[in-house]
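**Q** Below are the chains, spelled out letter by letter.
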Amino acid sequence: MKLKEKILTKSLWVYHLSAGSCNNCDIEILDCLTPRFDIERFGIQLVGSIRHADVLLITGAMNKKSAKILKNLYEQAPKPIFVAAVGICPCSQNMFKGSYPMLSALDEIIPVDVYIPGCPPRPEAIIAGIAKLINKLTAKDKKGQK
Amino acid sequence: MLKIVTQYLIFPGIIFSFFVGAMGFWLERKFTARFQYRVGPPWYQNFIDVMKLFLKETIIPRNAAKTLFITSPIINLAAVILVSVMLANNYFLNISFMGDVIVILYLLVIPSLFTILGALSSKNPLALVGAARETKLMLAYEFVFITSLIIAIIKSGNSIMLANITATQILSKPNIASASGIIAFILALFYAQAKLCIVPFDMAEAEQEIMAGTVIEYSGPLLGFYKISKLMLYFSLPLFIISLFIKVHTQSTLLKYLIFFCLYILIIFIMSVIKNINPRMRIKDALGFFWFWLLPLGILGIVLAQFGL
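Sequence lines, in order, name chains A and B. In this text, residue positions in the first sequence follow the working numbering: the first is 1, and each later residue adds one. In this text, residue positions in the second sequence follow the working numbering: the first is 1, and each later residue adds one.
Simulated from the structure, these hints should not be mistaken for lab results. From the three backbone atoms N, C-alpha and C, an ideal C-beta is built for every residue, glycine too. Some clues are possibly wrong.
[To be verified] Below, simulated BS3-like cross-link-like pairs (lysine-lysine); rule was C-alpha separation at most 25 angstroms, straight line:
1. B/Lys136 <-> B/Lys284
2. A/Lys79 <-> A/Lys132
3. B/Lys136 <-> B/Lys275
4. A/Lys136 <-> A/Lys79
5. A/Lys68 <-> B/Lys256
6. B/Lys123 <-> A/Lys79
7. A/Lys79 <-> A/Lys2
8. A/Lys132 <-> A/Lys2
9. B/Lys3 <-> B/Lys256
10. A/Lys2 <-> A/Lys136
11. A/Lys71 <-> B/Lys256
12. A/Lys79 <-> B/Lys256
[To be verified] Label pairs and their computed distance ranges (CB to CB):
13. B/Arg282 <-> A/Lys65: 41 to 47 angstroms
14. A/Lys4 <-> B/Ser172: 50 to 56 angstroms
15. B/Pro125 <-> A/Lys65: 29 to 35 angstroms
16. B/Leu82 <-> A/Arg41: 32 to 38 angstroms
17. A/Gly98 <-> B/Arg34: 47 to 53 angstroms
18. B/Pro125 <-> A/Glu108: 52 to 58 angstroms
The following block holds chain B by itself, in its conformation from the complex:
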């Protein structure tokens, strides 16, 4: 009983994923700072930010739909916690169940969906613009991610169980060591970029034009919930990519963690490189990029994967 509690709450569960996610977000900020020849924030910055948000006052706008406004950050956080715990338990302890890839796919839609609903419920015009952009972006990236997931599923012999996908990689070779695997990895990377609202795809939270976009009316603890869920997504999305495409088998546990952290830092680094060498896309360009460039690439990847390449 105690083992299960620690497993879900502390070690590969909530606290661990929050901690790693906060460190990942700090790394991203630090890399950005170094790219701009700055020093950057100290390592504990994100923890302090979250703690500070819980000390502030929450303001609910008079015109807002109150129930939706309050519950949407909480549901957002709940979905992200579920995803993180499932992924971390699969990666570190090999706990999995039939069809969990599909469950994770559904749960990963919920954060974006409730960000949109929260923005719409606040009735702020800038939040409405942000919500409209997020909706369009979601239509763009979700489909691309599904193609990338299909490639991983085909590679594992049509299994929709995450443990089987990782097991086939351990038995033969990582998915990324093939043409279709590389394509799927690139697609998943762009998906993570868009999901986390990092720069080329951050139109929904564009600081300079629509202030903070979808979260503009949120303050205090409610904003803190959004912040925590974003930090945990910083952990779970790279972890999902790692376990789908670059699962490497080792005997010793120490080496296992070392490999995980190296790959995690590498993915964060790639994301911050993409962030720092690109300007923000217009929503039209982003849709075009996802639909007319990445989607054909994904279909090509599926065809290649069918032929076993």
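Next comes chain A alone, as it looks inside the complex:
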């Protein structure tokens, strides 16, 4: 069990979904791949298909249309899959809360593993969030956390 978590966390393939964001968080995610931050040295890769993904990275406040797509995507992903909410919008809906096309927060639709707040979060914050996810996974059976 321990070995499985270790292998999973050493090669996280990330699928990136923009659920109606303003593009700022998307740019910050791409920044993580640039020479300055280079998350490929931790084995993290951006992949094009949800079937290859280990992490579902979601940016943007969801509206009614993208919520449907998101749910569909989550069901099509091979398990185990981890969900990361990048930016304040998917975390808490930010200033769009109560707006007419909005449905609900992200964690009311699919289970979220890690929240990375910020508008937009800096690349350091995104890397810290991924580190948080890795810590959570490896410490799972040690401390009996969720």
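Take the given structure of chain A and dock chain B to it, following the hints.
**A** Just chain B now, with coordinates in the frame of chain A:
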């Protein structure tokens, strides 16, 4: 008996070729990273990737042709294993049989063919686009590779046995030390580039436009089979090029391995240089490049080889 088992399973066989292929793919990633002024992944990254894929769930699409969808990665891997074992046994232990060049040529078509069939069976529209591109690309590069192979065969006195091709190089000089040999080497290099889906010819798996193209619907262990076969091709194609064109004879075994690894790293380096200084070609341009530039070059090479140049 035990010797044969180790020979096919461990040393120049499956495990060795998988290990070297994974290291070769890592080198390619590392070179790319260094070209972009990045650090790049650690050396064990590809092993971890493969192991991870075997821990994941496999999803079979509802509309897919199930039998073909499941068997095509496995047949793909089987063909690649056969090629790697044959080539490695020839290079390191000098085991060969009559007509094995032709067998290897046929077996090298199977991975592309079953990638196409697997993509078609998944019924994903993007996979269909990828399969169509791969089909066209296959028509382009296979013919060019055959001309390159013909040059090597002519150079060895019309022998279709891999051991004879290497033996003539040991007796006189490596094939690459002649005009037609250089042409054939260049053609084979472009063939390997297109076969391995490296950048100027990666339209079939274009990450940015058609997601992962041919393998888009594959997940878990089935994707892992594809990954392993790609890693083993990273070993066997450079090895095929080395044994066809740059076989160098030495007495000591240590020097033999040293030369092999130097040449292997050199070929991987050339491939990653081509990868990093070129954008992805359109399928039309790639076809034009192979048919109207490389194919006449190959025919010129055959003529030169006939005159012994």
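**Q** Each hint: holds or not?
**A** Results of checking the hints against the structure:
Our distance criterion of 25 angstroms between C-alpha atoms is met by lysine 136 of chain B and lysine 284 of chain B, whose separation comes to about 9 angstroms. Using a Cα cut-off of 25 angstroms, the hinted pair lysine 79 of chain A and lysine 132 of chain A holds, with the two alpha carbons roughly 20 angstroms apart. The hinted pair formed by lysine 136 of chain B and lysine 275 of chain B meets the criterion: a straight-line CA distance of about 20 angstroms does not exceed 25 angstroms. For the proposed pair lysine 136 of chain A and lysine 79 of chain A, the alpha carbon gap of about 17 angstroms is at most 25 angstroms, so the pair holds.
About 60 angstroms separates the Cα atoms of lysine 68 of chain A and lysine 256 of chain B, which puts this hinted pair outside 25 angstroms; it is violated. Simply put, lysine 123 of chain B and lysine 79 of chain A have alpha-carbon atoms about 22 angstroms apart, close enough for the 25 angstroms limit, and the pair holds. Distance restraint check for lysine 79 of chain A and lysine 2 of chain A: the Cα-Cα separation of roughly 17 angstroms lies within the 25 angstroms cut-off, and the hinted pair is therefore satisfied. Pair hint lysine 132 of chain A plus lysine 2 of chain A holds up; C-alpha atoms about 17 angstroms apart against a cutoff of 25 angstroms.
The straight-line distance between the Cα atoms of lysine 3 of chain B and lysine 256 of chain B is roughly 21 angstroms, inside the 25 angstroms bound, and the hint therefore holds. For the hint pairing lysine 2 of chain A with lysine 136 of chain A, the CA-to-CA distance comes to about 12 angstroms; that is within 25 angstroms, so the pair holds. Between lysine 71 of chain A and lysine 256 of chain B the alpha-carbon distance is near 57 angstroms, which puts this suggested pair outside the 25 angstroms criterion. A C-alpha spacing of about 46 angstroms is found between lysine 79 of chain A and lysine 256 of chain B, which places the hinted pair above 25 angstroms, so the restraint is violated.
The supplied range of 41 to 47 angstroms is broken by arginine 282 of chain B and lysine 65 of chain A, whose beta-carbon atoms lie about 33 angstroms from each other. In this structure the hint that lysine 4 of chain A and serine 172 of chain B lie 50 to 56 angstroms apart at CB holds, the actual value being about 55 angstroms. A hinted range of 29 to 35 angstroms for the beta carbons of proline 125 of chain B and lysine 65 of chain A is inconsistent with their spacing of about 21 angstroms. At roughly 35 angstroms, the beta-carbon separation of leucine 82 of chain B and arginine 41 of chain A lies within the given 32 to 38 angstroms, and the hint holds.
Judged by the Cβ atoms, the range 47 to 53 angstroms given for glycine 98 of chain A and arginine 34 of chain B holds: they are separated by roughly 50 angstroms. A C-beta distance of roughly 32 angstroms is found between proline 125 of chain B and glutamate 108 of chain A, which places it outside the suggested range of 52 to 58 angstroms.
Checked against the numbered hints above, the structure breaks hints 5, 11, 12, 13, 15 and 18 and satisfies the rest.
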